[in-house]
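Visitor: Sequence:
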Amino acid sequence: MDGISSQLSARPFSSLTSYDYTVAVVKDSFSTGQTWSLVTAEDNRRGDPGWDESRVNPPDWNYTAIITEMQDAVVAGEYLYKNVTACFDLYNDYFAPQGNVVVYVKNESIQTPPSDSLLLYVGIIPRSDDWAKNMWAVENGTAHFILHSPEKRATTWFLGRNRYEVDHCLVQTPARSSSICRFQYSPWIMWIVCSINLVKASVMLWVWLLRKWQEDAKGESQNQVLYTLGDAVASFMRNPNSGRRVSCLATKQHFLSRRPWKNRLVKQWPVPPREPQQWVAESKRWAQAASLKRWLVLLSLCCAMIAVVTILFFVSFGSLRHRGIHIDLPTFRSMGFGDIQPYTYLAINLPRQDPEGLMLNVLLANLPQFLLSIIYMFYNAMLSTFLVQREFSHMYKEAKRKPLRVSEPIGIQRGSYFISLPLRYGIPLYVSSGIMHWAISQSLFLARITALNVDGSPDVKHSFSTCGYSPIAIFVCEFPAQPPGEE
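Sequential numbering from 5 applies to the sequence shown in this note's numbering.
Calculated from the structure, these hints are not laboratory results.
You may find that some hints are simply not true.
Below, simulated DSSO-like cross-link-like pairs (lysine-lysine); rule was C-alpha separation at most 27 angstroms, straight line [to be verified]:
hint, residue 1, residue 2
1, K288, K406
2, K156, K86
3, K256, K401
4, K110, K86
5, K404, K256
6, K288, K401
7, K256, K288
8, K297, K256
9, K156, K204
10, K404, K288
11, K204, K216
12, K110, K256
Pair ranges (Cβ atoms, derived) [stated by the list, open to error]:
hint, residue 1, residue 2, range
13, G340, D47, 38 to 44 angstroms
14, K204, L230, 40 to 46 angstroms
15, G419, P355, 50 to 56 angstroms
By construction, the Cβ of each residue, glycine as well, lies at the ideal position given by its N, Cα and C atoms.
Sequences and hints are given; from them, build the entire structure.
Guide: See below:
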């Protein structure tokens with residue numbers, strides 16, 4: 005394996021931040037220190053998915069203490085005033101720095117009596133599933149499961165099933181005025197990759213030492229490297245096998261057919277046919293240079309890759325439809341190529357917390373990279389088979405004869421290819437492989453979200469790792485991910 009996928013997994017990764025906050029919908033009397041009750045607010049929100057649901061209101065929060073602190077800060081004039089549009093825009097953003105917010109309503113009928121000044125409350129944390137963080141705001145008083153924002157700027161805003169109309173907001177200033185992008189790494193992944201590379205280096209060193217030890221026990225002819233077609237031809241010319249003179253028309257299939265399946269892995273000298281073979285002149289295409297089994301393996305891997313990309317693409321459709329987002333190319337382009345969006349997380353119930361969540365999501369994000377690396381190996385081997393057969397076929401044409409291409413050239417002999425393939429074939433293959441790896445990395449990627457408290461401290465419990473996807477990048481990957489054709 006070329007190690008591409010493991011190296012991508014082991015790289016340091018970025019982590020975005022999203023804030024925890026509490027929303028309190030109140031009467032005007034809340035600013036004067038009037039009494040309030042959580043029980044009344046809970047009765048008002050009951051049955052509303054944006055305010056009363058298991059995905060919101062973390063049970064470990066002390067809401068009495070939180071709302072008391074919010075009221076004290078409002079009375080002391082510590083919160084900033086925002087109108088309806090500015091308040092909605094702020095809390096409609098998944099990654100913007102956000103603090104606790106006190107929302108005042110303009111409904112005159114509920115301002116009296118001034119007691120019970122708390123109408124609704126909800127605790128909000130970042131989400132990795134299909135439940136929107138801003139759902140309390142975007143349902144606009146309908147009490148329906150609505151997960152997409154309005155297309156126009158909000159000027160009229162209702163909250164809760166009682167349709168409290170928003171007058172203005174008082175917003176707590178968070179400890180940080182800008183969103184944070186952290187550069188992180190996983191010690192677990194780094195240790196695993198370093199260990200694998202150590203094993204790989206040890207195996208390479210062992211093979212090198214073993215070969216040097218074996219060279220002393222072998223003759224000079226047995227120490228010749230058989231790496232290229234020219235190496236094989238030169239070896240046959242140096243040490244001709246008189247027993248094979250009658251087998252000049254034997255093919256690979258003649259040798260393989262003489263070996264039983266049970267002895268395929270046992271080292272033995274193959275026995276070619278002794279009976280005369282009839283020469284049949286026929287033109288062959290490149291595709292015939294490889295066996296049917298190799299073609300089936302390569303095409304099956306290509307189809308598996310296309311299936312993975314297609315399944316991921318259609319999984320994203322379900323999540324986007326659930327949020328009321330249109331399924332079309334303009335919408336996909338507006339999401340950005342490889343950009344993370346709060347509504348493009350894979351909600352497949354993987355663990356969220358570290359280290360299990362990080363490890364599993366890293367493996368999932370790099371599964372397509374792993375498949376592509378395997379396909380590249382088979383594709384490279386298939387192309388090498390074509391070119392070796394082509395080079396061998398040209399040897400009988402006097403006009404196209406050239407010196408042998410060997411591993412250790414002597415005299416006019418040519419050296420092996422720098423990248424194991426002719427440049428006119430190797431460069432397009434390597435460039436296309438690199439582009440595909442990059443495009444896949446933009447299609448499915450690790451998304452690490454660090455939850456922050458209002459004071460800027462990390463909320464480890466509600467931070468999570470997941471996989472994000474880019475629909476437009478997945479769509480682009482569908483085109484080059486096609487099986488190879490014949491030439």
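Visitor: For this structure, which hints from the list above don't hold up?
Guide: Hints 9, 12, 14 not satisfied by this model.
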